[in-house]
Every structure is written in C-alpha cells, then in structure tokens.
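These protein sequences, in sequence, are chains A and B. Numbers 1 to 349, taken from the working numbering, label the letters of the first sequence in order. Numbers 1 to 349, taken from the working numbering, label the letters of the second sequence in order.
Since the hints were derived computationally from the structure, they do not count as laboratory data. Don't take every hint at face value.
Since the list can't tell identical chains apart, any single copy or any two copies may satisfy a pair.
In silico SDA-like cross-links for lysine to any residue, where the CA-CA straight-line distance does not exceed 20 Å [unchecked claim]: (1) Lys304 <-> Trp35; (2) Lys107 <-> Val311; (3) Lys119 <-> Gly23; (4) Lys107 <-> Lys119; (5) Lys304 <-> Pro34; (6) Lys119 <-> Leu81; (7) Lys119 <-> Glu297.
There are 2 protein chains.
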Amino acid sequence: MLLGYHTRVGELKSRVEVLRWDGSLQVLDQRLLPWEERWVSVESVSQAVALIQSLAVRGAPLLGLVAAYALALEAQRCPHLDHLEGQGAALAKARPTAVNLPRAVAKMLSLARQVPEEKRGPTLLAAAQQLHREETSACQRMAELGAGILAGPRLGVLTHCNTGVLATGGVGTALGVVRALHAQGRLAMLYAGETRPVLQGARLTVWEAQRDGIPVTLLPDGAAGSLLASGAVGAVVVGADRIAADGSVANKVGTYPLAVLAQRHGVPFVVVAPTSTLDPHCPTGSAIPIEHRQPEEVTHWQGKPWLPFEVTVYNPAFDVTPPELIMALVCERGVVTPVTQAGLAEFCS
Amino acid sequence: MLLGYHTRVGELKSRVEVLRWDGSLQVLDQRLLPWEERWVSVESVSQAVALIQSLAVRGAPLLGLVAAYALALEAQRCPHLDHLEGQGAALAKARPTAVNLPRAVAKMLSLARQVPEEKRGPTLLAAAQQLHREETSACQRMAELGAGILAGPRLGVLTHCNTGVLATGGVGTALGVVRALHAQGRLAMLYAGETRPVLQGARLTVWEAQRDGIPVTLLPDGAAGSLLASGAVGAVVVGADRIAADGSVANKVGTYPLAVLAQRHGVPFVVVAPTSTLDPHCPTGSAIPIEHRQPEEVTHWQGKPWLPFEVTVYNPAFDVTPPELIMALVCERGVVTPVTQAGLAEFCS
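Bound-form chain A, shown alone (with noise of 0.2 Å):
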C-alpha cells in the first residue's frame, strides 16, 4: 500500500443518472449526449445487444449491469433455460474487450440454473439489483483509496475517456477518485482528453463534470505530451475494460500513450477499476481480445462524412497498458502497488 492522504470521503453525489429501474429498465443514450438527454426504453436482450454495439451505453461497469438486467428481463418474459443462454450467448459476445460483459452474463446464467423456472424472474432481477448496489458501493469506495494514494495538497489530473457515472452507474472509477478529490479541495484541474473517434472525454466527460461543478480542461489527445511536459499534471488517472492477470489494463485506445508519457515525466499513472474488470483467465495482454470498430467512426460524424473519399482506417477501440507503466490500480478491495501477478492474484480470489 502506498501511503497518502487517507483523509475520509464522504458519501459523493452526482447528478448524472444513466440507469433507472422502476419495473422496467431505461437507459441514458450516450450517442445524443452531450446535445440532447434521451432516456430509452430497453425490453428486451436483443435491443440491449444493439444499445451496446452502437455505443448507446458503454463503460466495462455499465455494460455489466446492463447485461444483467436485460436478462433479468428475459427471464421474467420466457425462464426457459434453453431461451436464457442463447439471450445470454448473445450478450456475452456483443462487444469483446470488456470482461464485466460475459462475467455478469454468466454469474446470471449460473443461478438461473440453480432456481426452478418459476423463480427464475425474480431471482435474476434480485440479482441485477445487488450488482448495481456492489457496482454503486465498489465506486465510493475506489474513490477513497484513490484520493488516499495521490499526494499533495492540490494537483492537476489528467483523464481520459469516461469513467464517471455515465460508465458505472455509480460516482464512477478514475472520474470517483476525480470527485474525491474535489470534495477535498485538492483538485486544481480536471483535464480531459477529447478521446477521438467517439469523443466520450468531450461529449461525456466534460459534461459530467460541468453538472457537477468540477474545473475542467478538455485537450486535443495529441496536447496530452505537451500538458504533462509543462507540469499542470500531477497524476494520471484512468480506467480499465480488462485488467489481464500479468496486471496488463486494455482500456480505451489513446490511453497507452498517456502512461508512456506519464512514465517520462515522473507523474504517477493510476487505474481505477473494480474487481469485476480482473480477468485472472486472460494470462497476458496479449491475450485480450481487442475490438477493432468500423472506419465511419473516424470518416464521419454525426451520420455526415468529414472526408469526401473512402480511406482505410485503423480503428481498434482499446490498447493495452503493460503493468510496469502503472504505478498503482485501485480496485474495492484495496491498493495493488506494484502492480505484480502475485498482487492482483489476491485480488482475484
């Protein structure tokens, strides 16, 4: 454990919502955000399945309980087992790189088998719901231990992508440690990289935090070498899709540069994630799989093209940190620094 303030937090707050439950599910969608607030209706896995896939709703968290819900959907219109895995089947492989997909899919999956078909709604909703409050809880709590482990009485935090509630439906991973330090007057600035193609740094997470009246700084990602050379930044603090058993974190593409550039200029880069996110069965890196999306992401915005021509495009959606770039990884359970297989692997059990 690394030593820091480890001034108590208490309970953070946001208002940004993203999932609602009142019998039936509703999702923000982050494609309109920050231009128009749309909650949409989700009934059903398949219709889930494409709110995912088209970046509706995104965050490794958020996708988790999103997966769980709609099943618990399914299961109340249809328990048959035979029906829930092939929903399931589905959900597991919507999007690749996030681990908390197939791990909610298949945590749902293994007690629908365990309860009798007619328990099989309720149980599976009661389930959703006690992973949305640990989601909710693991939160706060990462929020804490990471505001514990950054120095200083006031520092620059450079971000990137979104992390905040629109990723967990909690205060969030990096952007919780970011609150943190807010409610501890120890936030100078909030930079967030704009994170091309979809933006989510500048749609997403300047959003949040201007609801929530955090200072904020948004930057090209290609400022990021510069701002870190100038000395505003005082850590690094990101999130994580996949966190491989070797302690390599893939996370959103651009976020790999930051740590090399971190690692340069001596300012600690810390990952934010839950325990949700360790995959203790993907070895290495390497062995993350890694979603490569389609080029109109980068060609076109908003439906129109930018470029009047068609060109190839490189498009992988996540890069992967390798563990010797990360100073620390804050997950619920505690502080892993270094960042070793022998650390994670505690919490993994």
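Using the hints provided, position chain B relative to the given structure of chain A.
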C-alpha cells in the same frame, strides 16, 4: 552519417499544387480541402496575414514562400522602405512558431534596403521565385537523403500533420521521404495520424497520398501507441516548424508523444526539415514561442459547435521534441545524427 539504402531517386513529382505565380499570386485554400479546391488570389500582405492566421495556408516552408511573394507584391505596388518595413513586421508576427516566416521577411527586407526604390519590385519578385526554387530542390534532396537512411526492403511509415506539397510548395519534407520510398517500391504503408484539432493529417495528407497513388491508412492520434506496439511501423517521420540550436524540434502538437512512443518501441524517429527551419538564435526548445490557438478549433467543426456548452480548452498548436528522442535530422545539406548542437551548427553556417 547513417548507412542505408543510398539508391538514387529520380525527380519526384506530385499531382498536387498549392501555389501559383503567373504575374499574380494564387494559393489553394487549405481550410476547404479535401471538400473543395478553391484557389484564392493574394493581393496584399494584409490578405496574406489573414490567410496565414486562418490556416488557409500553413506549413513552415510554405509560410516563408507566401510571405516572400506577398512582400514582392507590396514592393510592386509601393516600393517605399517604410511601407515595406511595416508590412514585413505584420507578416513576420502573423504566427509565432514557424521561423520560416520571420526569416523570409528579414531576407526580403534586407534586399529591399540594398536596392533603389525603382528596382525593389523586380528584385523582391526574383528573390521570392529563387526561394521557391530553393525550397523545391531542398525537398527533392531531403527526400533522397531521408529514404537513404531508412534501412529495410519495405517499411510502414507513421507521420503526423501534413508535410507534403501543401506544406512546402515542393514534394514535401517528411512526405517527400515517403514519396521517395514509394518510388523505390519500399513503402509498405503510410500511416497518417488525423492530427486534431484541425485534422491536417486526415484532410490534407490522406488527400495528397491518394492523389499520388500512395497507400495510406488513417488513424486517430491516440491509436499511434497500439499501432507502434503492433510492429507495423518501421519509422516515424515528421516535419518541423522551428528547430532550436540544441536540436529541439517544435512541430504540430502531437509530435512529441510519437517521439516518446517511438523511443520505447525502438523505432527510428526522423525529422525532415530544410535549413530554413533551423534557428540558431533560439538556444533551446523552451525558448521557442508556442502559439496557443482559439478554443473553437477544438469545440467547433466547420463553424458549428461539437459541444453545446462553453468549456476551457488547452489548444497549443505545437509541441517540442527534445533532441535525444530524434534519431536523425534530415536537411537538404545532409543528415545530422546524433542530433547535437555541434552537429547542427555546421548546417547553420
């Protein structure tokens, strides 16, 4: 000098044009590319300044050329030294980072002072045309030298921003090297970072490459880390806007992260720039003035906002790469490697 493939390259050509002189000066408006090829007549220095500041013309060598032609035009209209000095001062400070701009102005004003009023018009025009020829032949020479130091039968080249015809009036600096490799049958792929915020890589480099039949793949700037980690890149080749006496290179923001990543992956990082970009009066990288541009470049696209709210933006146009990250600096007079103050001083004489 590095050993490499010293194959002679025939005269390189491009289908792209950016600057025409036929008694009047015309430039291609790069703000509209690749959607529209609109040529603009430049009638005065104040118009040239506006075109430079709005990025209708950009690229360090091209800025020098446009400044030279614009002053020649002013000398034809009004050859008084006071007038030319005033116009030159406005031009020289139109953008602060590229040294080619004040250098071309200083050269033209020095000539103007040496000749009587009635000769200033033709003298300055001849000097602008001479500079144009020099920059064009410098591009050809740099392309040969640069391709010569890059070993290997075939390689992928990652570049940033635009350093081609559109930036130089010749075949380009870094993109000239790419053209030479392609002419030699040694280019596996040109990887063009899109170069946020103004997307010179996506809009200009991809367009130039496709015009000239060069295989090109576009990527978001943040994807350069995983591309380098994949092993697809044999060299990172970029241009420069100003090179300090210690070998520090100011270039389009996002260049420095590529240099840090290239070092980590053992990939040669090569800067290609004419000696007109060297500034012996600027001792170190931190002495290079870095232009910070308006937030709308990041938050807007083609006049429309991406974001429905105001936000603080960090938008430096350039960053600085220290010499220890640069394997070689290719100028038209030769190759400096390693990049040291003493090595550079020879080329500044």
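Hint check, failures only
2, 7
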